[in-house]
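Trainee: Residues per chain, in single letters:
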Amino acid sequence: MYKGLWITVLIIFGIFFGLFMLSQIPVAITQDEVSTAVSDAIAETDAQVDETAVEQIVTQKALEILEARQKRRLKFLVSAYFIIWLIFGLYVLHLAKMQEQLHKRIEQLHSSLQRKE
Amino acid sequence: MGVFRQIGWLIHKDLALQFRTKEMLALIIVFSVVVVLIFCFAFGPIFPEKLEERGKLAASVLWGTFLFAGIITLNRSFDIERANGALHGLRLTGVDASYFYLSKVVSIFVFLILLEVIVTPIALQFLDVLTILPVALQKELPWLLLKLIGVLAIGTLGFCAVGVIVSGISTNTDGTESLLSVILLPLTFPVIMAGAKCTVSLLTTGGLEGNFWISILIVYGLIFLASSSLLFEFVVEG
Amino acid sequence: MTRTQLIGLLSTIFLFVAIYFIFSFAEIEMTMLEVQKIFYFHISAAITVFLAFGVTCIFSILYLIKRGDTYDTIALVSTEIGIVFGVVVFTTGPIWARFAWNTWWNWEPRLTSALILWLTYIGYLILRSALAEEKKRIYSAVLGIIGFLNVPIVYFSVELWQGGLHPGTATKMNLPATMQTAWLISWLALTLLYLFLLMFRYRAEQMKLELGTIQYRQMNES
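Protein chains in written order, with my numbering: chain A, 1 to 117; chain B, 1001 to 1238; chain C, 2001 to 2222.
Watch out, some of these pointers could steer you wrong.
To be clear about the criterion: a stretch of chain C counts as covered by chain A if any three or more of its residues have a C-beta under 8 Å from a C-beta of chain A, and this derived list gives those stretches [what the hints assert, rightly or not]:
(1) 2093–2105
(2) 2144–2150
(3) 2191–2200
(4) 2209–2221
Capping the alpha-carbon separation at 25 Å, the derived lysine-lysine pairs in DSS-like fashion look like this [as the list claims (entries may be wrong)]:
(5) 1139/B to 1056/B
(6) 2208/C to 97/A
(7) 104/A to 2208/C
(8) 2208/C to 116/A
Because the hints were derived from the structure by calculation, they are not lab data. These numbers come from a predicted model, not from an experiment. All residues carry an ideal CB built from backbone N, CA and C; glycine is no exception.
Bound-form chain A, shown alone (with noise of 0.2 Å):
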């Protein structure tokens, strides 16, 4: 029974985790937005600059940062649930183990009552 819980309680944390990865949200900005907010500046400067180029260059900039935000929030929120489920497993294996030790003593004394009878 220890063992089994033990098992389980990884194949948990495993399941736990491989669910929690695939509904990672990606970070996305779209095509639209960088180009009306790249024409918008543009058209607010007199100096004559390649639209697509910049074009490129800000969706290359405003995705580093975005995903830089996201890796710190996906921290906070891993951590969370890493410690939440730390706690349960281990309480929990805590008392798998404290029924095993009791089962087993519990078996010994039959056995040796048994014996002297």
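Since the structure of chain A is provided, determine the placement of chains B and C on it from the hints.
Mentor: Then chains B and C, alone, in the frame of chain A:
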């Protein structure tokens, strides 16, 4: 024997025990003053300029000191009961457990109030609160002190109501003193919060801004007096 | 399959369903984005803490009235599990607070009252371990009742102490429907988990009792 006579006798017994040796009162007073001094040395010698800040400081010093003094008093009081099996003897006389509880609350309450009446002015002087008070309040200083003692009394009653039953329980263990504080202190957090707020508003305005905090103190006292006097039967029996 | 195992299985299934609902179904909250998803388990665990200690109080009262050792055992077991759920609350709370308010702790009324209650019941467990066998049932029952009586007073005073109603109370009411569903399911999952742990832990306590009787028998025979 009437109810009040029984309770009266029990209170008489407790107070006689507590005041028979003046050492106990002296010890607790010295202890309280030393605790106040510790706060003074930590914060002083120049205390916060603003009246409200200084009021908060005074409130925390007063309530902290009386809480610690209260715990020592409770321990001491139940040590006496336990030492010679006096609690057991008392049960054999057939006195109702709730009378015993009430008498214990009253006797410890009287003891702590005496302590507070002596220590509060000393603490306020050490923390230099009296000179910073508004002029209107300084004119009626005795009245203000009386109100302050009144608030302290209501808080102390609540503290005693919980303290007596918890020390009645913890006196049966080995690590009595530390255990009592660990169990009792979390239970008394509302008293500290409400009492300190009342004290601050008394020191800054001379009144109790809204009656919310004082009613928390009163409700706390009543709830625990009622429930504990019912539950004390089980403590004595166990 | 025993009842305990059944509840255990159910709670595991519900935990998965809850995870699915939290991460796929519930919409993303606009100010805290992904981090807001801590909320579901954090709040549910906090509610379970109050539930667990409430059960302790009720079974303590039942013990004092009826004097069945079962009641006392349930009170003890429920307290212990309440403490474990409390650990979850007080570790996820700071993570949330660190992101939302850039501090590790804030004096939100419900969090504060849960902390005070938690400390009280840690006192309960310490007391139990310090008392002699024949005394501990009655005494801890008395403390179990007194500790819970403190809850409403603590709650009201903490609420006013930190300056009026916290916006948290208002936002919880206006959760979007998808979040509401996800929260309800995770709450149900944690309640089932509580029930499972309660039964699981109770069995260990029963085994201890059994062990005691066997040892007693052995002592008498030898």
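Trainee: Establish whether the coverage given for the segment 2144–2150 of chain C by chain A is satisfied; the threshold is a Cβ-Cβ distance below 8 Å, and no fewer than three residues must meet it.
Mentor: With 0 residues closer than 8 Å to chain A, the segment 2144–2150 of chain C misses the three-residue bar; violated.
Trainee: Has the given pair, residue 2208/C with residue 97/A, been kept, meaning a C-alpha gap of at most 25 Å?
Mentor: Holds - the C-alpha atoms of residue 97/A and residue 2208/C are around 13 Å apart, at most 25 Å.
Trainee: Closer than 8 Å, Cβ to Cβ, for at least three residues: run that test on the segment 2093–2105 of chain C against chain A and report holds or violated.
Mentor: With 4 residues closer than 8 Å to chain A, the segment 2093–2105 of chain C meets the three-residue bar; holds.
Trainee: Just to be careful, I want the Cα atoms of residue 104/A and residue 2208/C compared with a cutoff of 25 Å; is the pair within it?
Mentor: 12 Å, holds
Trainee: Given that the segment 2191–2200 of chain C was listed as covered by chain A, double-check it with a C-beta distance under 8 Å for 3 or more residues.
Mentor: holds (count 3)
Trainee: With a C-beta cutoff of 8 Å, work out whether three or more residues of the segment 2209–2221 of chain C approach chain A closely enough for the coverage to hold.
Mentor: Coverage by chain A holds here, the residue count being 7 at a Cβ distance below 8 Å.
Trainee: Does residue 1056/B lie within 25 Å of residue 1139/B when you go C-alpha to C-alpha?
Mentor: 22 Å, holds
Trainee: Hinted pair, alpha-carbon criterion (25 Å max): residue 2208/C, residue 116/A. Please report holds or violated.
Mentor: 23 Å, holds
Hint compliance for this structure: hint 2 is the single one not met.
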